[in-house]
Amino acid sequence: MRFLVYIGWVLNSIVSLVSAQDYDFGVDVVSLTRRQDPNAPIVVSRLPLASNGSTPLRLEIRDVKADKYKWDLFILALSMFQSVSQDDPLSYYQVAGIHGVPFVTWNGVGPAAGASQSGYCPHSSVLFPTWHRPYLALYEQELFKLAGAISRMFNNATERLLYMQAASDFRLPYWDWASPAPNGQSHFPDVFWNSTMTQYGPNGVQIIRNPLYSYSFHPLDGEALIWPPLRSWNETKRAPNTDISELEPPSMNDQVNTALLAKLPEIQQRLYILFSSYHEFDSFSNKNYAISQNLSYLDSIEAIHDIVHIYGGSRGHMTYVPLSSFDPLFFLHHAMTDRLISMWQLLNPTAWITPQVSGETTYTALKGTMQNSSTPLTPFMSSADGTFWDSDMSRTTEVFGYAYGDSSALPGDGDSPRNKLIRKINRWLGKNSPAMIRVKSQAQHRRPNDHYTEWIANVHVNHGALGGSFSIYFFAGDPSDDVDAWGVAPNLIGSVGIFTMSGMSGSHSKISGTVPLTMALMKLVNLGAITDLEPNSVVPFLQKTLHFRIAGIDGKEVSPEQVTGLYISISSSRVRLPESEVEFPDWGRPTLRLAMWE
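Take the sequence shown: its letters are residues -20 to -1, 1 to 578, numbered as in mature numbering (1 follows the signal peptide of the UniProt record, and there is no 0).
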C-alpha cells in the first residue's frame, strides 16, 4: 500500500512539473522587474496611503481570498516574485536569504569579523520585533510594485480599473494562527495545501504552480542550504514524508494542520498571559531577556512565534532557522507576529526598548553585543545615503505605510481603542484562560471569589543545546513510547518548542519558554483527581504524575542529559480576576513550587 501511495505521488509530481509553472504573463518579466540602477542601494520606503488618505490595512489571508481582485493580484505578484532570477538582489530568493542562508552580503552590508556564518536576523534579541518590520516591509514593497504592474496589464478597461484600485492599497496578508478557522474550513488554510492551482490573470486562465505551497529553487544550491536532506530538495517542504521516499518527499500539509490545531489552545493561553501580565518591552520581546535578568517570567512573543515555525515546518524548511524564510508561509506567519506586537504596543504605549545584550550572533553583530533602540536594523536602509532603519524609527507600523484593524475591530461604544482591544482579547483569547472561565462561572453561580492560583511550567536551556530545534512535552501520567503520538496524546498538558540552530550562536546563552498548566489542572479538579488548585493539592499531584519528554528535530526521543543547560521548574501565581471585559487579570509575583530538572 505504501508503495502504491509513493507511485501515485511520483506520477502526480511528474504531471505537476510538466503542466504547472509560474504564471506566464506573456511579457519579459526580467525587464519588468530589473532595477534602473543596479548599483544604487536598495531602500525600504513607506508605501503610499490609500486614495481616501487612510493607511491601508494588512488583512487576514481568508479576507484577502474573499476579494477576487486583491487575491488575484496577491497570487500573481507572488508567482512573478518567485520567478525572478536568483541572481537579482530583489528576487524572492535573495530577499528570503537575508534572514539566514546563504550567509552572503546583501545590499552591500558586509559581515562583522567572525560573524559570516550567520543570517542578518537577530533572534534572542530585543531587536527581534522591530527588525522584522523593515524586513516584511521590503517583501511587501516588492509585492506592491509587482501588483501595480500586473494590474495595468489587463486589456479590458473596466477590469483594468478594478485591478488598479485593488493594487492601490495592496498589502501583505497575515495568517491568524491564534484563532480557530471559520466553520467548514481547515485551521491551516487550504490555500497552502495544493501544489498547483487554476489562476486567472492578464494572459488568461492558467494552471500554475501554487506560490503558497512552496518555493522552487532555480537553481538549487545544495552547498548554500547546508543541511541534509533538505539541501537536495528542489522546493521547500512542510512535514516532508521521508518514510515513502528517499528522493524528494511530498509535503503533508494535513499533518501540519493537525499539529497546529492541537497547539491552538496552548497558543491562546500563552498569548493571553503575555497580553495581561507582561508590561516591559524587553521581557515581552524575546526569549533571551528573562534568563539574562534572572526573572521568573520566562515567556515572550518570540517563544510563542517559535511554535508555528516548529510545527508549521514539522521537520521541513520552517523548522530550520536559517532555511525557514524560503517557505512562503514564513512571511504570512511573521505578519501575524507583527500584528500581535502592534496590539501589545497599543496596550503598553510607553513601554520601549532598554539596552540589552544580544543572545545570538548575526551577520553584522557578535553575540554579547549591547543593543538599544538606535541600533541599526541591518541591512535595511531608510534612505539612499546609507542610513539604516532602527527601532525608534520602526516603532509604529504606519511609518511603513500599513496598519492592522484590531484597535477598531468592534462596534464603537465610546470606549477608547485600548479598551476595545482589551475586550476583543478577553473574548478571543479569554475563552482558553482560567481567569475568564472563572469570571463567567462565578457570574452564573454568584460565588464571590476574586482570586485563583495559576500554574506554569518554566523551561530554559542553552542555545544550541542540541543540533537543531526540539520540543519538550509535558504529560499527566506516563507518555506513550510512540514519539509521533506525543503531540496529540490525550494526557498531553502542553509543550515548549525550542527553535534554534547550534551553528548560529554560542552554546552558553540561554533561551526560555513556558507551558500553562492551569487549564489541564482545572479539568483534573472537575474529575476529582485533585481537590483544588491550591499548592497543598497541586504540588504533591505534580510530583507524582507530571512527566516530560524531549523530541529532537529528527522526531526521535532525546535524553534530558543530552540537553545542555536544561532547567525545568513549576511556579504558581495568585491572580485577581477582572471585574469587567475591559480589564485584564492582575498577576501576583510567581513563587517557585517544584524543580523538575536542573
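Treat the hints with care, as some may be off.
No farther apart than 20 Å at their CA atoms in a straight line, the calculated lysine to aspartate or glutamate pairs in the EDC-like style are these [unchecked claim]:
1. LYS536 to ASP430
2. LYS125 to ASP170
3. LYS420 to ASP534
If you anchor each label on the Cβ, the simulated ranges turn out as follows [to be verified]:
4. GLY164 to SER354: 25 to 33 Å
5. ASN274 to ILE417: 29 to 37 Å
6. GLN97 to VAL379: 30 to 38 Å
What the hints contain is simulated information worked out from the structure, not anything from laboratory work.
C-beta atoms are modelled at their ideal positions from N, C-alpha and C, and glycine is treated no differently.
The hints, checked one at a time:
Restraint check for LYS536 and ASP430: the C-alpha separation of about 44 Å exceeds 20 Å, so the hint is violated. For the given pair, LYS125 sits about 27 Å from ASP170 by alpha-carbon distance, which is inconsistent with the 20 Å threshold. Only pairs whose Cα atoms come within 20 Å are accepted, and LYS420 paired with ASP534 is rejected, the gap being roughly 43 Å. A beta carbon spacing of about 49 Å between GLY164 and SER354 contradicts the range 25 to 33 Å that was offered as a hint.
A beta carbon spacing of about 32 Å between ASN274 and ILE417 agrees with the range 29 to 37 Å that was offered as a hint. Take GLN97 and VAL379: their Cβ atoms lie about 32 Å apart, and the range 30 to 38 Å holds.
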